[in-house]
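K.L.:
Read top to bottom, the protein sequences are chains A and B. First residue of the first sequence? That's 10 in our numbering, and the numbers climb one at a time after it. First residue of the second sequence? That's 10 in our numbering, and the numbers climb one at a time after it.
Since the hints were derived computationally from the structure, they do not count as laboratory data. Watch out, some of these pointers could steer you wrong.
[Claimed, not checked] List of simulated lysine-lysine pairs, DSS-like, C-alpha gap at most 25 Å:
1. A:K413 to A:K63
2. A:K195 to A:K279
3. B:K413 to A:K413
4. A:K279 to B:K279
5. B:K142 to B:K447
6. B:K142 to B:K93
[As the list claims (entries may be wrong)] So, partial list: chain B residues that the calculated Cβ filter (under 7 Å) puts toward chain A:
7. Y243
8. S257
9. L260
10. P265
11. I268
12. A278
13. F281
14. E282
15. S285
16. P381
17. D418
[Claimed, not checked] Some chain B residues near chain A, calculated using beta-carbon distances under 7 Å:
18. M244
19. A254
20. A264
21. T270
22. S274
23. A416
Using N, Cα and C, we set each Cβ at its ideal position, and we do this for glycine too.
There are 2 protein chains.
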Amino acid sequence: MDKEPLQGLFGKQLKAINLGLEGMAEGIEEQNAEVTRVNWSPPAEILPNMVFTKSGASIDQANDEACQRIIQSGAKLVGMGIAKDVIPGMREDMILHAGPPITWDRMCGPTRGAIMGALVYEGIANDEAEAEKIAASGDLTFEPCHHHQTVGPMAGIVSPSMPVFILENPVHNVQAYATQNEGLGKVLRYGAMGEEVYQRLRWMEEVLYPTLARAIESMPEGIDIKGIISQALYMGDECHNRNRAGTSLFLRAIAPALIRTQTDSEDTAKVFEFISNNDHFFLNLSMAAGKACLLPAENIPGSTIVTVMARNGTDFGIRISSQPDQWFTAQAGEVEGLYLPGFSEADANRDIGDSTVTETAGYGGFAMAAAPAITQFVGGSPEMALRITREMYEITHTEHPDFKIPAMDFRGTPLGIDIRRVMETGILPRINTGIAHKKPGIGMVGAGILRAPHACFEDAFNTFQKNYCA
Amino acid sequence: MDKEPLQGLFGKQLKAINLGLEGMAEGIEEQNAEVTRVNWSPPAEILPNMVFTKSGASIDQANDEACQRIIQSGAKLVGMGIAKDVIPGMREDMILHAGPPITWDRMCGPTRGAIMGALVYEGIANDEAEAEKIAASGDLTFEPCHHHQTVGPMAGIVSPSMPVFILENPVHNVQAYATQNEGLGKVLRYGAMGEEVYQRLRWMEEVLYPTLARAIESMPEGIDIKGIISQALYMGDECHNRNRAGTSLFLRAIAPALIRTQTDSEDTAKVFEFISNNDHFFLNLSMAAGKACLLPAENIPGSTIVTVMARNGTDFGIRISSQPDQWFTAQAGEVEGLYLPGFSEADANRDIGDSTVTETAGYGGFAMAAAPAITQFVGGSPEMALRITREMYEITHTEHPDFKIPAMDFRGTPLGIDIRRVMETGILPRINTGIAHKKPGIGMVGAGILRAPHACFEDAFNTFQKNYCA
Chain A
10 MDKEPLQGLF GKQLKAINLG LEGMAEGIEE QNAEVTRVNW SPPAEILPNM VFTKSGASID
70 QANDEACQRI IQSGAKLVGM GIAKDVIPGM REDMILHAGP PITWDRMCGP TRGAIMGALV
130 YEGIANDEAE AEKIAASGDL TFEPCHHHQT VGPMAGIVSP SMPVFILENP VHNVQAYATQ
190 NEGLGKVLRY GAMGEEVYQR LRWMEEVLYP TLARAIESMP EGIDIKGIIS QALYMGDECH
250 NRNRAGTSLF LRAIAPALIR TQTDSEDTAK VFEFISNNDH FFLNLSMAAG KACLLPAENI
310 PGSTIVTVMA RNGTDFGIRI SSQPDQWFTA QAGEVEGLYL PGFSEADANR DIGDSTVTET
370 AGYGGFAMAA APAITQFVGG SPEMALRITR EMYEITHTEH PDFKIPAMDF RGTPLGIDIR
430 RVMETGILPR INTGIAHKKP GIGMVGAGIL RAPHACFEDA FNTFQKNYCA
Chain B
10 MDKEPLQGLF GKQLKAINLG LEGMAEGIEE QNAEVTRVNW SPPAEILPNM VFTKSGASID
70 QANDEACQRI IQSGAKLVGM GIAKDVIPGM REDMILHAGP PITWDRMCGP TRGAIMGALV
130 YEGIANDEAE AEKIAASGDL TFEPCHHHQT VGPMAGIVSP SMPVFILENP VHNVQAYATQ
190 NEGLGKVLRY GAMGEEVYQR LRWMEEVLYP TLARAIESMP EGIDIKGIIS QALYMGDECH
250 NRNRAGTSLF LRAIAPALIR TQTDSEDTAK VFEFISNNDH FFLNLSMAAG KACLLPAENI
310 PGSTIVTVMA RNGTDFGIRI SSQPDQWFTA QAGEVEGLYL PGFSEADANR DIGDSTVTET
370 AGYGGFAMAA APAITQFVGG SPEMALRITR EMYEITHTEH PDFKIPAMDF RGTPLGIDIR
430 RVMETGILPR INTGIAHKKP GIGMVGAGIL RAPHACFEDA FNTFQKNYCA
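Produce the entire structure from the sequences given, and follow the hints as far as they go.
P.N.:
Laid out in structure tokens, this is it:
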């Protein structure tokens, strides 16, 4: 209110009439010019063959179905297990990674680093040099987490011995999986290697995992992770890069069972300390909950809703409901953000990780208005956080009735990215993310904000049009 | 933005120029009229004798000193003890209550109920009828919590055997005290009586207290309650009637010590469950922290800052820094709020409790903008929550640099109610609060919002003027 108004011609104060997109009106208002809003959206006639499929089915109805499946889904933490034992299709010679499929030669530094580290942790390689040779040999199979109902933050590496959380969607009887979060800094998922990293992973396998697993096993109802996400959105989290409330509520939920099932009180105390010292602990649970809710929305004929959005640090890939097995990819973006002391943009790898499952499921960056304090971690301002959420309503099919934003008068979060609306508006999904060093072995260098790349949405749109509307 | 603009004469759109008070501009803007703000405040000449005391000292400087003492204060939970052993001046025949001093004959229903219940809990009376006789006999001494560095929510009853938290302000070497929070509903502090209430109080004395006390004792640094308040304001609490984040962060902070000092794991698990089932558990800690920070601001000659604001359900009382022993009282207000099923305004007691220590110390109702979700508990809207905080800047001396509101671009909360500004602006402090049933023995009926009464500020102002400026 105390800014100089934007000046028009002849020094008169600029006034604007805004048709349709809220985001544009806000851009002008930030300059303190007066904007009159006209409620307008592009006439359906512009894309006549994108309203019904060639078989006459309504695309909107298909999208309703996809979104309703996401909304009705539950996500409960019902158990834990070792990756090779519980993840469908997982094998001893397989390493899962974040994002769309990629071969070793095209992998980015942090993904390579995390794979090499995982091979040392597994005892498959004696050191990083040997690990690199094995990884490049072609003897191992690399597959996307998303091909195995799994999601992994940053490099997203899941190797056979790693413990994973099992999330169940009881409404649709599907499961999703994610590893335990290691913390920030010099950690495997950011591509870090070294004894410090392996020791932590071993403690997580030998102490953290059995302690948590025993507690979860003793809880007949499991832990309602979707419910914690709902609550955390009331408590300043958006459950992607701010998880302080989620982590706190998770600890509250599991604490009595942890104590009742303890075998060694010092181990139990250390488990509390480990989780309490890592405000990102809840991230992996939040991600797996998102995956558990999105899985039933896959494979609805005629739906243009995005059900997968993920990056491997080289490519950004999406999948849409009606073509669940096809990846549409583009080069992964560059992140604008805040850097840890001693690092800068020059160190940053391109956008990486499956954590965009949160935005795909209607929270994360899409719910940034709920988390103004996150801007101290990823940059931007509380005002910008509000604007990002408002903008995402332009490209989503509906609002999530279980995920509400108090500061927006308890409005539901934007849910269900519709590739038609992305193409119509030119608005690309907003993401917030951690930033990994581009070289293998170093780790986290910062956190920031960016948009998904245009080309994969265009590709998905054209393919959908050809397959369903031609 | 989509409301009809307020119409002026001849159907022209009303435009307004606002001098000074932000609260008025917003009232007009809500009607969608254009407001131009002029930064103006009443010339000091209006109250020439309220700028300097008769000895020539600057009142603003005295108020700076009072606020700086509050700001620089710390508040750490350093231990627990039994009221009669640790609260200064507490005696076996003494009962402490919330608010300004009051005699039995003038006490409201919930205060009487809580005293009667406390006498049964203490074993001084065999039943409520006997308790009422003893209470009315004149054999007991009733004194305000505030006379004993103590604060109590609602009826605020502290009887000799009750365990209390000991909060230390290490900067000024003072202590403050508060009981453990019982939860909501049928609880003593809302005036409830009966076996359910006493059993809970006994468990709190026999299990909760020793378990927490052992844990706190084992933490050489104590627990930084002021730090938790800072964090909780980033997490949707205002630390008066919303304490979900505070309670979660408190559990996180104490959990490892609770486990390391446990004697019986089932007791420890029950302690976790009791605290986790009561999102208001942190309230009493938040209040005692406020008191620990406000105590050093008392007794600064020439200061017009409010250092105590408290209600006993009959009277609302304030004390100001320069006259720390004098209460200025007025009739306690009626609360507008939301009622539990089966109750209505007709059941409500007048405003009650020491919990306004939070507003006095710069959070609680004054930080409602940080807690939009609280409006589901106390009524109003997220927009109103923002407006309440903005309005409170009009009557406070400064902003608290340690208590920030992310949604307001990390602005510090309004701190230090200046009775001069209350009188100049006519704006009375806003409070949010629980509502007790007006009859003894029933308990909580709702929660709501109100303003402090005018008369006690006027009285304080006139007395200050007479003593310091005449």
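K.L.:
All hints, please: hold or fail.
P.N.:
The hints, checked one at a time:
| no. | hint | in the structure |
| --- | --- | --- |
| 1 | A:K413 to A:K63 | 36 Å, violated |
| 2 | A:K195 to A:K279 | 20 Å, holds |
| 3 | B:K413 to A:K413 | 23 Å, holds |
| 4 | A:K279 to B:K279 | 20 Å, holds |
| 5 | B:K142 to B:K447 | 20 Å, holds |
| 6 | B:K142 to B:K93 | 23 Å, holds |
| 7 | Y243 | 4 Å, holds |
| 8 | S257 | 4 Å, holds |
| 9 | L260 | 6 Å, holds |
| 10 | P265 | 4 Å, holds |
| 11 | I268 | 4 Å, holds |
| 12 | A278 | 4 Å, holds |
| 13 | F281 | 4 Å, holds |
| 14 | E282 | 5 Å, holds |
| 15 | S285 | 5 Å, holds |
| 16 | P381 | 4 Å, holds |
| 17 | D418 | 6 Å, holds |
| 18 | M244 | 4 Å, holds |
| 19 | A254 | 5 Å, holds |
| 20 | A264 | 4 Å, holds |
| 21 | T270 | 9 Å, violated |
| 22 | S274 | 5 Å, holds |
| 23 | A416 | 5 Å, holds |
When the structure is compared with the earlier hints, violations turn up for hints 1, 21 and for no others.
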